[in-house]
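Student: Sequence:
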Amino acid sequence: MRIVAGDFGGRRLKAVPGMATRPTTDKVKEALFNIIGPYFDGGRSLDLFAGSGGLSIEAVSRGIEQAVLIDRQYAAIKTIQDNVAVTKAPERFEILKRDANRAVQELADRGDQFDLVFFDPPYAQQKIVAQMTRLRELNLLTPTARIVCETDQKAQLPDDVAGFDFIERRDYGITELTIYGLGSEAE
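Counting along the sequence shown from 1, when you hit position 51 you're at 62 in this note's numbering, and nothing is skipped either side.
Derived from the structure by calculation, the hints contain no laboratory data. Mixed in with the good hints, there may be bad ones.
DSS-like, lysine-lysine: derived pairs with alpha carbons at most 27 angstroms apart [as the list claims (entries may be wrong)]: (1) Lys138 to Lys165; (2) Lys138 to Lys38; (3) Lys89 to Lys108; (4) Lys165 to Lys99; (5) Lys89 to Lys138; (6) Lys25 to Lys38.
Between beta-carbon pairs, the in silico distance windows are [said to hold, decoys possible]: (7) Gly74 to Ala119: 21 to 29 angstroms; (8) Arg83 to Glu41: 26 to 34 angstroms; (9) Asp93 to Thr155: 26 to 34 angstroms.
The C-beta atom is built at its ideal place from N, Cα and C for all residues, glycine as well.
The task is simple: from the sequences and hints, build the whole structure.
Tutor: Next up, the structure:
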């Protein structure tokens, strides 16, 4: 596993030990960033189930100004810290060991907003639509926010989610990427 492109391109990342998380493959990561924009001009990202932190580190490498990474597993937090150290830019990352729902409320209480959100929850615990709705209700999304969902093909996320525009869905073996934007009626 490595950082595919950008400022930190080519640097190797660790995976979380054990079977509790599954890292996004370099192929899927590269395809994802080709869809949502290969490079960014600032902005903030949020990863509620960060795992190894690979998606957020890739986003910062490609120009996101700051990333907030949330995970509730100690092994994941340790791996994220090690992977952020590889970037030599730790000030661009905020790592929080929290349950996703608690973290969302804390971020809302702080007045945070995000341009890019990654959802890659454990396949058996997917509540993505409800969590997307919560982010919108708590005003955590900028008007041009993109929501990236990485699931297995059994998840079958709907095209129509109230308050969001469906952008694209792509399959990569057992992995499915579904991308939404904040809907115009939510502005």
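Student: Against each hint, give a clear statement of whether it holds in the structure.
Tutor: Hints, verified against the model:
no.: 1; hint: Lys138 to Lys165; in the structure: 13 angstroms, holds
no.: 2; hint: Lys138 to Lys38; in the structure: 25 angstroms, holds
no.: 3; hint: Lys89 to Lys108; in the structure: 10 angstroms, holds
no.: 4; hint: Lys165 to Lys99; in the structure: 38 angstroms, violated
no.: 5; hint: Lys89 to Lys138; in the structure: 25 angstroms, holds
no.: 6; hint: Lys25 to Lys38; in the structure: 16 angstroms, holds
no.: 7; hint: Gly74 to Ala119: 21 to 29 angstroms; in the structure: 25 angstroms, holds
no.: 8; hint: Arg83 to Glu41: 26 to 34 angstroms; in the structure: 28 angstroms, holds
no.: 9; hint: Asp93 to Thr155: 26 to 34 angstroms; in the structure: 32 angstroms, holds
Of the numbered hints given earlier, the model fails hint 4 alone.
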